[in-house]
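**Student:** Taking the hints into account, I'd like the entire structure generated from these sequences.
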Amino acid sequence: MLRVTELDAGYGFLRVVHGISLQVNQGELVALLGPNGAGKSTTLKCIAGLVRPWKGDIAFRGHSIGGLRGDLVNGLGIGLVSESLNLFTGMTVYENLLMGAYSVPEAEKRRRSLDFVFSLFPRLAERRPQLAGTLSGGERKMLAIGRALMGGPSLLLVDEPSLGLAPKLTQQVFDALRKLSDDGLTILLVEQNVTATLEMVDRAYVLEQGEIVLEGSAQKLSESEHVKDVYLGVMA
Amino acid sequence: MALLETHGLTKRFGGLLAVNRVSLSVHQGEILGLVGPNGAGKTVFLNCIAGMLRPDDGRVSFQGADTTGATAERMCHQGLARTFQMPQPFPRMTALDTVLVAAQFGAPGNGMAPRELARRCLVEVAFPHPETTLVSGLNTVELKRLDLARALASRPKLLLLDELAAGLMTGQLGPLMDIIRRVRDSGVTIIMVEHVMPTIMGLCDRLAVLRQGEKIADGPTREVARDPVVIEAYLGERHKPDATSH
Amino acid sequence: MTAFLWRRRGLGVALLALAVLPLVPPFDAENFRRWLVISALLAGWAIAFDFTAGYINVVNFGFAAFAGAGGYASALVTIHYGLPIWVSMFAGVILAGILGFLTGVLTLRFRGIYAAVAAWFLGLALLGITRNVSPITRGPLGLIVPTFFSTDSNLPYYYVVLAMMLVTYLVLKAVTESRAGLAFRAIGQNMEAARASGVNPTRYRILNFTLSCMFAGWLGAFYAHYYAILTPDVMATSQTVQVLVAAYLGGRGSLWGPAAAAFPLVFSTEWLRSNLDRFPGLDLVVYGLALILVMVYYPGGFAELVHAIRDRRLRLPGLRMRTAAAPQPGEAGAVLSDVRE
Amino acid sequence: MSLAVQRLSREFRSPVTTGLIAGVLALAIFGVVRGGTFILVDSLVTGAIWALVAAGLALTFGVMGVPNFAQGEFFMVGTLSGYLVYTALSGVQGRPYVPFVTILMALVVGFVLGALVDLAVFSQMRRRIREGWVMNTFVVTVGISVVMINAHQLIWGTDYKGIVAYFDGPPIHVLGVSVALDRVFAISVAAVSIAGLWWLLSYSRIGRAIRAVSQDEPGALMVGINVGRMRTLTFAISSGLAALAGATLLFQFPSFPFVGVKPLYVAWTVVILAGLGNVGGAVVAGFIIALLEANTGFFIGSAWEDVVPFALIVLILAVRPTGLFGRAVRSVWEQ
Amino acid sequence: MSRGRLVVVALAALSLMAVSCGGTSGTTQQEFKLGIGGPYTGPVAKTGAEFQHAATMALEKVNYKIGNYKITPVWVDEASDPAKASSALEDAIVGKGIQMGCLNWHSSDAVAMMPVAGRHKVPYFFGMGATGVVNDNFNKDRAVNGYWMAKGWPTPQKLATPYGDAIQAFIDGGSYTPKHGKTVAIWGEDTDWGHSLTGAIKDKFTSLGWTVVDSQFFKIDATDHHTILNKFKSEQPSIIAGTSTAPETMSAFIKQAKEVGLDSVLIADGLGYVGDFYKLVGSASDGVLDMQPLFASPAAQQFVSTYKSRFGSEPSPSAAGLAYDWTGFCLKILKRTLDKYGSLTSDNIYKVGRDELWTGQLTYTDGIIMNEYKFSPDSIPDPVIGKGEYIFPVIQYKGGTGQIVFPPDVKQTNFTAPA
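Chains A, B, C, D and E, in that order, give the protein sequences.
The first sequence runs 1 to 236 under the working numbering.
The second sequence runs 237 to 482 under the working numbering.
The third sequence runs 483 to 823 under the working numbering.
The fourth sequence runs 824 to 1158 under the working numbering.
The fifth sequence runs 1159 to 1577 under the working numbering.
Hints are all accurate, no fakes.
Short derived list, chain B residues pointing at chain C, Cβ under 8 Å: (1) Thr307; (2) His313; (3) Phe326; (4) Pro327; (5) Met329.
Simulated DEER-style distance windows between Cβ atoms: (6) Trp1022/D / Ala1454/E: 53 to 61 Å; (7) Gly438/B / Gly216/A: 22 to 30 Å; (8) Ser1027/D / Ala362/B: 53 to 61 Å; (9) Ser946/D / Arg462/B: 56 to 64 Å; (10) Met437/B / Glu674/C: 27 to 35 Å; (11) Arg491/C / Tyr11/A: 38 to 46 Å.
Derived by calculation from the structure, the hints in this document are not laboratory data.
Virtual Cβ for every residue (Gly too), placed ideally from N, Cα, C.
**Tutor:** Written out as structure tokens, the structure reads:
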């Protein structure tokens, strides 16, 4: 469904991503793992059209979308939950969700999506008239995911869902993502929290210093010596 | 006597408690690692003690004097220097001028001319380009080097390093650790916020762990790293210690 | 000092050219000499303006008001105390300096557009006050000001204003190359990093504002004693706009760029004004369009063009490498113990 | 409704703001007691008009980060197109719908011209400029202002192109103060337009998208909003509002090249007092400025009418650097 | 930047400047260049346009010819800015070779232009910059500033006295009874003109035993006068007297005075400066007093209709009308110079001005506004004021046209007090 080939990207003079290639198939839940500053977020932003790639190709359903503007990428059915969430803090929860369905013309479809999001995150239904800026960290995260889902994406990109969340909340978010994936949504996830992520995803790539150093099924990766040494055994 | 002490330091942003009653002391000559998941409040904590943010509650004392709410420039004059998580360059200056700012305006020293000091600091961090290189052309890694040189040039007694190793290739970590060690050996106390575990384990004498703005552990590096509360904070609820220790 | 001057030999050449210019045809005609006077005055103002805008990154949109205040002070001291103009001009310097200091203090907490607009409003308030304290300033009736010379040529005026422009440039350039100049650039380019490096933004910002306004006021005094009439309109925003246009076309943060831009700018606009008199306003349309085009396509202005070429050379490794023996890595202990004691 | 309450409570949380509002109310009462009810009535009428002029300026800054120095020139475009349309309709003058047609046409002209300016200038700049956006666009709008003023003079000359009144008839009396029908018309247009703008921004899809762009640009891209188009639209709306105000006030501001200067100054005063980019605050600040002007004019003298507000605003800013209702200064505003 | 490139850039800048300097053309033998000043750009460009149109018509009247000289106008744009005005004049003199100048609008511009004219010894006639600063400067250094030969408009003080006299005459004649005793309120634009004119009005009324209850000045571009007018209303003066030169300001003032419901007599000096004022003010101007010369004679009517058909707007007597007459006077001076000396040089023109204009020998009686334009050793630089010479009658408007109500010997109608 998504194929990234030899992607180079960066900011100003700084190249952050060096020749990354990866692929996400229909219905998969794939993770992009790696330490801070490895280039994971930049890769996601390139796919979502927020950062212009320097080189390489991004293909979605066989069509090249590299360098396409963010709003057009969104229109093709790629939803992004960014690291900083990019919520509209001066709008209510309801308005934020409505904005998520900005490119959905049918009111009926928007209503169904809204019901779905509220069923997925009942907390948001309770907070419906509240300004997004006044939500707690976990609620914001739910809202960001909910907003991305409102557009009815066929591919969901999620950047660091565990960021800044208490373990219990992280788990709730992960459960929600797993459920979405089980319902057939294709998800590409960026995470630092390796253990929890590997338990949930189908496949993963490990990114270090802007390059992919490992890839494979979750099972295979959790057994990899490199992953054990660098990520799982960190505290031991 | 502790070089730096905080008592019940608290910082809120709107409804969010970014730093929640953190008490911590840093001793002369040590490297203290400040760790915790993203968003745990580490950088906010650094900003509070470095005068970038005014704490809502609690006290900070540096070298025995109360410095709560002191401005950043005053903290710098007193001998507290910091690097930034996101490098904060002077985009239209040369590398030398950048470092020279701190050498000119940092803590008072005697003897070395500021320009000479600035040059030595550039050499000290192994800055790879000529000193007349324009800052706007540097990459993040180089900017972080420069930031470190800038911090050193202000003649610190206490140095705060905010994720200095982030984004470095594995091969670059060693030289960086050597630099940090040398700085420590010259008598500078260091607090470092870091994610890269080998760096932490290899450098820090002591670790303090923050989670959700609260300090959840504080002690010698090895002990803290084995603390089940800490591991849970990092790895999530389902990962009891037995699941990961092997 | 010698080194300071030697590094300015380019300036010397330019200055020599400017000094000779009013003596060679076609520039020796009185009208062109007047254009040269206007250019040099605008250049001086643009230098003082750039000293704030290009270094601490605050646009003083009330600039003309400070210049005008200097003019009024100098004129009033000459009229009421009969002091020689050369002496009373310093009254202008002092008043403008004090006003600049107060503005610096009042706008201290503002950045960017807020600082610009706050300075603008202060300038407008100053203009209003000047208009209203008519017992002193004669308000809108206008104050007749004694002139420097009773000569029938613009030439001596030109050399006076050229010298004033040169002094403005040399003094402000020397400041920007001093310790204070480093502080200006630091707070202008990155406030956070500057403070973390120990720069006190308050002190340097006030210093900068005060100095810039002092020179603005000094040149304002020249304006007063050249045109022989002062009305509150010299403090109007449109006057600031002229200085701002020169400073932005010349490029910020160089001091010489704005000065260099002032001459061709004045000559081309005066030429347009003089030759398109059938279409009143067309010159200003051209002038506005030029400003828009430069800002859209080359916002760094003339100085940026020069800098860009020079900086490319700077970045080439090997070139301009210092030759002094460098300490080697590993001498950290030595370096840092030096640092500490 | 609860949303409005939430916002209000947020804005009045600061004791400084509450104090200032209380001060303004006290001033109004003082003015009415010592001067007469006309101070209150005139401030309300003038304030509504200033709010209309300033709302566009606030919107442009809030969404695009453009501190528009040429806002007064779009007001001028409004007076000009209002005049041209009104005189073209001279055959049917006197019919009550003519003024409405006139101001609607001016709105359209301002809107289209604003869109063109954005496409020709700001869109181009957006592609090129990374650094110093706010100050650079400010300087560019200075250029636009110079061009528009002199283009007017070149093409339409310097005549005062104005009208006596849109509506003939005796003034109406409010609280013992007579108010001409044209001013009733103006305050109605201002009220309707501000309400319309408020509705547009609060409840329409487009308005939400504009707010989204102002609150979080990457976020707006991420939900599929064409950010560039929204910016163009914002500038067009803002120019349209200024032109609408110009045409509405044609009876008081005949069209000539420099007619925009006074509205520009007032709009800037209002917007700075309210906090740059705060559209709602601009409405309140419009009344505050009008009240300040009226009281200064009455108690100190008309010649001081703008000195006192200017000086006061700088002092208020010294206490609250972001204005009365300003959002926290974001980095983009500091360039 | 390489030194070579710097040189290229410097040369480019220099050549741009040199090109600007180019186009200097000397005077050809039989061409005479006449500088005509005015605020062609800037906030009062409307007045500048009237100057330009009227001067053009005056030149056309003589077919651009004086003797065998072809007269070419050079427009000197003072741009409402002393710096720009003096630069434009110097450029006109040196760059374009004008040998004589006429007309100007602002007093402050005049002060800056005077030494330029003096330096190049180019006589400049009939600047309308009227206030005392011009006279002061003229008298201070006549050797230099005396080249600013004669003003086209006397100091406002000399003109303003008739208002007081007129009101007194109305009271004496029984056509007017002050409603609230002898009380007057003063208003005006906050400019040199506004202050000097209203100062004179105030002095006159005070000397006639009136009480000035208030005086208010406003910025020249102010169009909201409700505060002032409401204040006046509460103070109940019998007369409110003042001036503004900006049509938008003036028309707003008069309309709002009616809106507020003031019952005072309204003296609005300068309402007629713009010929089109009725389009802006409408019936609110009925009953307003002003001092304006009128287009009375058939020649004047002819001028008005030609002007309207050519330039599409209504000329004002005091701007276009006076500019037409003063330009005509300039041409007469040229003719006289040519007759007397045989050639048109600045020096000869200056001598004619000094010897014949200042002494009152050379006067102009072919004007459409005044009977006779005349100077005298006592009056210079101002024209001689008085009946038969330069005088502004007091007029009262009705339906957009003014009729003389004072002085009695020329009055066309009786003063009508407002109801």
